[in-house]
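Chemist: Starting from the structure of chain A, add chain B where the hints point.
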Amino acid sequence: MTRFVLRRIVQTIPTLIGISIAAFLLVRLTGDPAALMLPPEATQEAIDAFNEKFGLDQSLPVQYWKFMSAVLTGDLGTSIRFNIPVWDLFVERMPATVELAAASMSIALLVGLPAGIIAGLKNRSWMDAVIRFFAFLGQAVPGFYLGLMLIVIFAVQLRWLPTGGRGTWQQLILPAITLAAYLIALLVRFTRGAVLDTKRQLHITTARSKGLSSWLILRSHILKNSMIPIITIIGLQVGAVLSGTVVTEVVFNWPGIGRMMVDAIYTRDFPVVQAMVMIVAVIFIVVNLIVDIAYSFFDPRIRRD
Amino acid sequence: MTPLLSVQNLTTEFTVESGVLRAVDSVSFDLHAGEVLGVVGESGSGKSATVLSALRLIPQPPAVIRGGEVWFNGRDLLQLSERELKRVRGRDISMIFQDPMTSLNPVLTIGQQIAEVLEAHDRDLSGREVVERSVELLDSVGVPDARNRLKQYPHEFSGGMRQRAMIAIAMANTPSVLIADEPTTALDVTIQAQVLSVLEKSRTESGAATILITHDLGLIAEMADRVVVMYAGRVVESGPTDEIFNSPKHPYTVGLLGSLPKLEGEIQRLVSIDGSPPDLIALGPGCPFYVRCELAGTRSLCSSERPSLEVASSNHLSACHFHDEVESFAQRAGVL
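Protein chains in written order, with this note's numbering: chain A, 1 to 305; chain B, 1001 to 1336.
Derived from the structure by calculation, the hints contain no laboratory data. Be aware that a few hints might be false.
As the list claims (entries may be wrong) - Sample of chain B residues with no beta-carbon within 12 Å of chain A, all distances over it, derived:
hint	residue
1	1075
2	1259
3	1273
What the hints assert, rightly or not - Below are the SDA-like pairs computed for lysine to any residue, each with C-alpha atoms no more than 25 Å apart in a straight line:
hint	chain 1	residue 1	chain 2	residue 2
4	A	122	B	1106
5	B	1086	B	1125
6	A	122	B	1079
7	A	199	B	1082
8	A	122	B	1021
9	B	1151	A	14
10	A	66	A	40
11	B	1086	B	1133
12	A	199	B	1153
13	B	1086	A	213
14	B	1201	B	1188
15	A	199	B	1182
16	A	122	B	1246
17	A	122	B	1019
18	A	199	B	1063
19	B	1151	B	1122
20	A	122	B	1081
21	A	199	B	1106
22	B	1201	B	1242
23	A	53	A	28
24	A	224	B	1131
25	B	1201	B	1296
26	B	1086	B	1074
27	B	1201	B	1015
28	A	224	A	253
29	A	122	B	1085
30	A	122	B	1060
31	A	224	B	1130
32	A	53	A	43
33	A	224	B	1057
34	A	224	B	1158
35	A	122	B	1080
36	A	199	A	220
37	B	1086	A	204
38	A	199	B	1016
39	A	53	A	90
40	A	66	A	85
Just so it is clear, CB atoms sit at the ideal spot from N, CA and C, and this is done for glycine as well.
Chain B on its own, in the form it takes in the complex:
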């Protein structure tokens, strides 16, 4: 089956004072129609930079997209003219961002912000139709009194309501791909669930394939069909969600799973991954996770040679020299 969206060897670099930083390093993944693809990783692992690069939304400069292909509907998005790409953005592929306070324009009404995405992609809409469609959209994401609230500004909306409005904007043109970048991270825990169910409802009704970026593994377990794990700008593991959770093939994933609280059994201290993510400017020749990896120990292969992403089992890729040993390592560590 041809994927709906296929990212191939995407590479993005930032030039900073101390050197060149490769924020996205040969990232490849496919998104199939109707599925939810979870992208997990620590802050700074390149999750957002990857999707922003794929749509060429990443600010250039300072970023430079060095290479790769992003195939969508038979076209490479990285080769399209800005004009052609604008027709894809907001119509075929739309985005939801993390913080609805800063990602909505404070000086435009919610109505104006919904209307502009409708008008940008359908110039034949009358003013009346735009308003009716906007009311419908806001209503569908559960904003009460939608007609009147169109006239309000973002600061007159609560955090949860703002994120619902953001979802309405993203769904306005029934996109075939929805990219949700940490959609609930900035929200109160009490309203995260509400916003998630709104997102889930919009997604199922429209059938949009979704890339869900998060560092919340619980959210991944609940929503994602497949998972891509990123570390230091690279994909280190990818596979179906249940496989990732039940038989991880990368020590970093084991670390992430170990830091999840468990419901059954005795409550133990939560495990954290020692150390911090590597400095992307000063990456050595070996595996970027090597210094924090308990499985690597003193093995010279890990410090000298960077592992490539290889098939570990069917549908399951891992960038670990010793991916065969990971599962038993996880059991020893008490993660599985």
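With the rest of the complex left out, here is chain A:
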């Protein structure tokens, strides 16, 4: 297992290099930071001084080399806009993202998994129909619309919950539900499919022919065999919500890293964008690695070493 993990970590190096080049080049296509950060009447000297200060006067390969060698020594660069290290910005914003991700993912698992299992076990029943209808709705309704509707109903009309911001648990509820709605829908669909697929396998008939209790068949035969597709989708979604959920964060004025990244792109804050893309890539890679390790826990056929 250790060898497998080490090998996977080594394999991520080319991925990270590729991502860093893409992020570095793409953000430079958005335009010139000096034009945005300096007043329109700024003199050529001021612009040159600005570019020199942030190293933007050098050739692209040199800039990239400086960026990467700094990253390797743990220096993610300094925000042009705020003039503070990107790492400090990340540390400031990440807790909000983790909080929202944890809350929405918990809701999604608590609701989506059981609903998906019931729909799969009782397929073609009225319960299945109801669950599938809501899953369809959850996937079809865009996040910004659901968020706004929740604000209109629960914050504006009923005045039960605040419209946005972060700090109290009441402020967490609406954004968490908004994000969870989509996650639940996705989880229901995958869980239902996996359970339905497993339920039809011959070894389930064998298990039933052995006179096992329904609970045992569900737990150690149906669910254990359904876990691979389910943890795949959970892993992908954990990666996605941890890398910031722009729409939900914007609608609810939630100070997470998603909003920070979008703001950085608008203001051409190159160091922030570059570094955040790298961080998000690392988060994705780590989550995927955990998912791969989890696979071998659930399926002995892909167990390594």
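Modeler: For chain B alone, coordinates are given in the frame of chain A:
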């Protein structure tokens, strides 16, 4: 003598898009203590559906058990609660399935899969006793190094070894009825014989009465005491094995026998039964075998009236209007 297991008029239907399909149509047969009952027929003739329905293992929906009785130990299995039936399954009546790759759970060890059937029917067993009994069972079906192999998963077993493990699971609670559904069909020819001898050994040692489902008439000739021949969801002939082979009473059985290679005499081309099994959704009023039957010819009785299963000679039942003519027909056809 009261039969150990008695299936009476069992009927199971499947609702599919194009209509209702009667996969098991008024099937009746008895299984007596200690005997081996062979069930033969083409794919789709309802062999598996019959036994799966008898234990209510057939997935409902899409299947619906429309009627019938399955008597075992003085109780009708079709009337038992699910809870009561679970105590019969795996303890009194157990099953071996065709493909040991797909009928064992890939994510549980062989040991876990043996242990769960022991524990399900005897809650007083200690963990230690379960392991010892599992080792004993795996050992008895000829899996070498049984203790260590309990910790392995099905994919670490070869096909033959997996089917031995399946037999061990089926025999775990020394059932009085064993249902083997094509137990060697999915195996390499070279290991079929080994697995069969393991099955035969387990069966004789435990004295379990056995229903052997197969389309392999050679296997039937070797193992079965009596035979039930199924066609289009119905029993078309049943009787003692030697009678079925020596004086068949149904043209379909003659067709099956004709497709067997013979050891003596000149090697001739193997005969096949023309046509294919009928569409169970669109069965006419006559005999389901009529269109493929060489004996029927143009006789209107065969196309208009469905023959019922009647006594052709002592212990020998046939669902053919002209069962008296079958034997001479078989001789003309060179089958006997």
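Chemist: Between residue 1201(B) and residue 1296(B), does the CA-CA distance stay at or below 25 Å?
Modeler: With a Cα-Cα distance of about 43 Å, the restraint between residue 1201(B) and residue 1296(B) is violated, given a limit of 25 Å.
Chemist: Run the C-beta distances from residue 1075(B) to all of chain A and say if the shortest one exceeds 12 Å.
Modeler: holds (15 Å)
Chemist: Below or equal to 25 Å on CA atoms is what counts here, so check residue 1086(B) against residue 1125(B).
Modeler: holds (18 Å)
Chemist: Tell me if the straight-line CA distance from residue 199(A) to residue 1082(B) falls inside 25 Å.
Modeler: Satisfied, since the Cα-Cα distance of roughly 18 Å is no more than 25 Å.
Chemist: Going straight from one Cα to the other, do residue 53(A) and residue 90(A) come out at no more than 25 Å?
Modeler: Distance of about 22 Å is within 25 Å: holds.
Chemist: Please confirm whether residue 1273(B) is truly not at the interface, meaning its C-beta sits more than 12 Å away from all C-beta atoms of chain A.
Modeler: holds (28 Å)
Chemist: Residue 1086(B) and residue 204(A) were given as a pair; does the straight-line alpha-carbon distance stay at or below 25 Å?
Modeler: Holds. Residue 1086(B) to residue 204(A) sits at ~14 Å (cutoff 25 Å).
Chemist: Does residue 1122(B) lie within 25 Å of residue 1151(B) when you go C-alpha to C-alpha?
Modeler: holds (22 Å)
Chemist: Assess, step by step, whether the Cα of residue 199(A) is no farther than 25 Å from the Cα of residue 220(A), and give holds or violated.
Modeler: holds (12 Å)
Chemist: Should the label of residue 1259(B) as a non-interface residue stand, given a Cβ cut-off of 12 Å to chain A?
Modeler: holds (28 Å)
Chemist: Is it true that the CA of residue 224(A) sits at most 25 Å from the CA of residue 1158(B)?
Modeler: Roughly 23 Å separates the two Cα atoms, so the pair holds.
Chemist: Verify the proposed pairing of residue 224(A) with residue 1130(B), using a straight-line Cα cut of 25 Å.
Modeler: Holds: residue 224(A) and residue 1130(B) sit about 22 Å apart, inside 25 Å.
In terms of the numbered hints stated before, the structure departs from hints 9, 10, 16, 25, 27, 28, listed from lowest to highest.
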